[in-house]
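Peer 1: Let's have the full structure, built from the sequences with the hints guiding it.
Protein sequences appear in the order of chains W and V. Note that the numbering used here has the first sequence beginning at 248, numbered continuously upward. Note that the numbering used here has the second sequence beginning at 99, numbered continuously upward.
Hints in this document: simulated from the structure, not taken from any laboratory. Backbone N, C-alpha and C fix where the C-beta goes; we use that ideal spot for every residue, glycine too. Any given hint might turn out to be false.
Just the calculated beta-carbon pair ranges, DEER-fashion [as the list claims (entries may be wrong)]:
#, chain 1, residue 1, chain 2, residue 2, range
1, W, 519, V, 178, 40 to 50 Å
2, W, 530, V, 300, 53 to 63 Å
3, W, 494, V, 329, 43 to 53 Å
4, W, 421, V, 345, 14 to 24 Å
5, W, 558, V, 195, 20 to 30 Å
6, W, 530, V, 104, 51 to 61 Å
7, V, 238, W, 432, 50 to 60 Å
8, W, 541, V, 320, 31 to 41 Å
9, V, 174, W, 518, 40 to 50 Å
10, W, 285, V, 227, 56 to 66 Å
11, W, 403, V, 296, 53 to 63 Å
Just a few of them, taken from the derived set where beta-carbon distance is under 10 Å, the chain V residues facing chain W [to be verified]:
#, residue
12, 146
13, 176
14, 257
15, 352
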Amino acid sequence: MRANQNSKTLSADELKFEELLASGRKIEPRDWMPDDYRKTLIRQIGQHAHSEIIGMQPEGNWITRAPSLKRKAILMSKVQDEAGHGLYLYSAAETLEADRTDMLEKLNNGKMKYSSIFNYPTPCWADMGAIGWLVDGAAICNQVPLCRTSYGPYARAMVRICKEESFHQRQGYEIMLTLCRGSAEQKQMAQDALNRWWWPSIMMFGPRDDKSPNSELSLKWKIKLFSNDELRQKFVDIAVPQANILGLTVPDNDLSWNEETGHYTYGEPDWEEFFEVIQGNGPCNKERVSNRREAHENGQWVRDAAIAYAEKRAKISRPKTTQDPL
Amino acid sequence: MNTSPAPSKSDLFKYTLRQADNSMVLCQRLCQWAARGPDLEEDISLTNIGLDLIGQARSLYQYSASLCDQQVNEDDLAFMRDSHEWSNLLLVEQPNGDFADTIARQYLYDAWHLLFLEQLTESNDTTLAAIAAKSIKEVKYHNRHSSMWIKRLGDGTEVSHQRMQDAIAAVWPFTAEMFIPDELDQRMLEFGTGVDLKALKHTWDSQVSSLLVDATLSKPVAGEAIVGGRQGQHAEYLGDLLEEMQSLPRSMPNHQW
Ligand SMILES: [Fe+2]
Ligand SMILES: [Fe+2]
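Peer 2: If you want it as structure tokens, here you go:
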């Protein structure tokens, strides 16, 4: 059906929507929008929100073990930011009539996905550095253009989020820098973490453009503004010089600077692994989702109590219209 | 009779360290909730409280370090002491349990902490007074937050009521310690530097009682007080908490992080 859309005459609603898109103004919740546009957004924003909250785990895991008080405080506020990002994004999705409880349900039962990057383990403190530097760094490359995405509430949520992401990236890089200037053992920790996180970070941008089924439409609707490969290139171009400053080796034998293009040429990631992890067979998929589900289930009686309490309060404060029979 | 006009440096060091240890241990307990809260809003609130507490702990450790005879910094004090050297109240080291247990521990401490800080702002030690003044604003929020949850859970559902009631009962024996001064507390009080712990008891009692009534909860009968935290006599779980917290810097000492 979709393929015929252009040949078909557009309804007045569709015309107005296309006009709005073309003018570069934002689509707002009150505006008419095609069903698929709404669905695509709900899927993307929902996945994004889920990624933020699942993303709390690999780092949350080190809050209790951060090696200095300063690092502990920074890590706490970073993980807290991610919870906030989740909240902004669920709110943005709710403007599309999606329901947060329902989305969380789908996360808990595996019907909605989150970024595969969070299915890798964090066995070492240096992973906190690598995650901030590379994972938040890659997220920034993805997210900065989203500040101009066509859907207003999503774009505005991204503006708030991006401000905090750059702090996340900086603190991660600073952890790496400190390790690399420390003992040989610390530098090795940093190198190992880079080895662990480099390829998963490269794959955060999604499949290659020629293998990315959802991309085309998202680009047309200006939900996405750059293709996966364009964003990936941008990330590699930023991250490689940063690795050089650290004195670390990027684990890619095909990596080289291309004078002509002014970009780095990089090797092909292991896409088979990528799809395996997406399919739920990554090292930590089960653990992440079951932790999430456990927190949700353990909190049920607390949320129930809050609702029951609020209802009791509302009854008390509501003025009585009729006398209660004794 | 003590004739010197100010407490000895080592007394001031120990006294400051006690308050730092309280904030640090409670912060570490809240850190264990990371990404496990009943909802996202609560994940954020618990971390907020944890962040305030680590901020307080750092100010107090830095001040302690400046009073210490040895060359130490805040991290040495937090990461290089064994559990018997920790002087926090037993209440704050109690395990998280379920959300009601966490809230019970938090509220009973917050209510005391606020009264304690109010008095400490009058300390003749200007650093302690300044740290207290800054912390009060934070602890007022902690107290509001935990009071709110005591009411919600106490007067929520049957299940939450029972859990809240059990939680209060479980930590109650550890509250008495907050009001029992030892010799150091006594000396610090005489100098006008420390807080009169006994004097806090009455207000705390009446505030807690009235909140419990609001929350449809009953106040446990005072049983045997369990004390010893300030003297470094802790239950095993403080050791476990510290072992986790201190593992990395202890396995690689003298490193920058
Ligand atoms: Fe984020
Ligand atoms: Fe982030």
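Peer 1: None of the hints should be skipped; say for each whether it holds.
Peer 2: Here's how the hints hold up against the structure:
1. 519(W) with 178(V): 40 to 50 Å: holds, 47 Å
2. 530(W) with 300(V): 53 to 63 Å: holds, 56 Å
3. 494(W) with 329(V): 43 to 53 Å: holds, 49 Å
4. 421(W) with 345(V): 14 to 24 Å: Check passed, 22 Å falls within 14 to 24 Å.
5. 558(W) with 195(V): 20 to 30 Å: Holds: the Cβ-Cβ distance is about 26 Å, inside 20 to 30 Å.
6. 530(W) with 104(V): 51 to 61 Å: holds, 58 Å
7. 238(V) with 432(W): 50 to 60 Å: violated, 45 Å
8. 541(W) with 320(V): 31 to 41 Å: holds, 36 Å
9. 174(V) with 518(W): 40 to 50 Å: 48 Å Cβ-Cβ, so the 40 to 50 Å window holds.
10. 285(W) with 227(V): 56 to 66 Å: holds, 58 Å
11. 403(W) with 296(V): 53 to 63 Å: At 54 Å between Cβs, range holds.
12. 146: With a closest approach of 7 Å, the residue 146(V) hint holds.
13. 176: Result: holds, 6 Å to nearest chain W Cβ.
14. 257: holds, 5 Å
15. 352: holds, 9 Å
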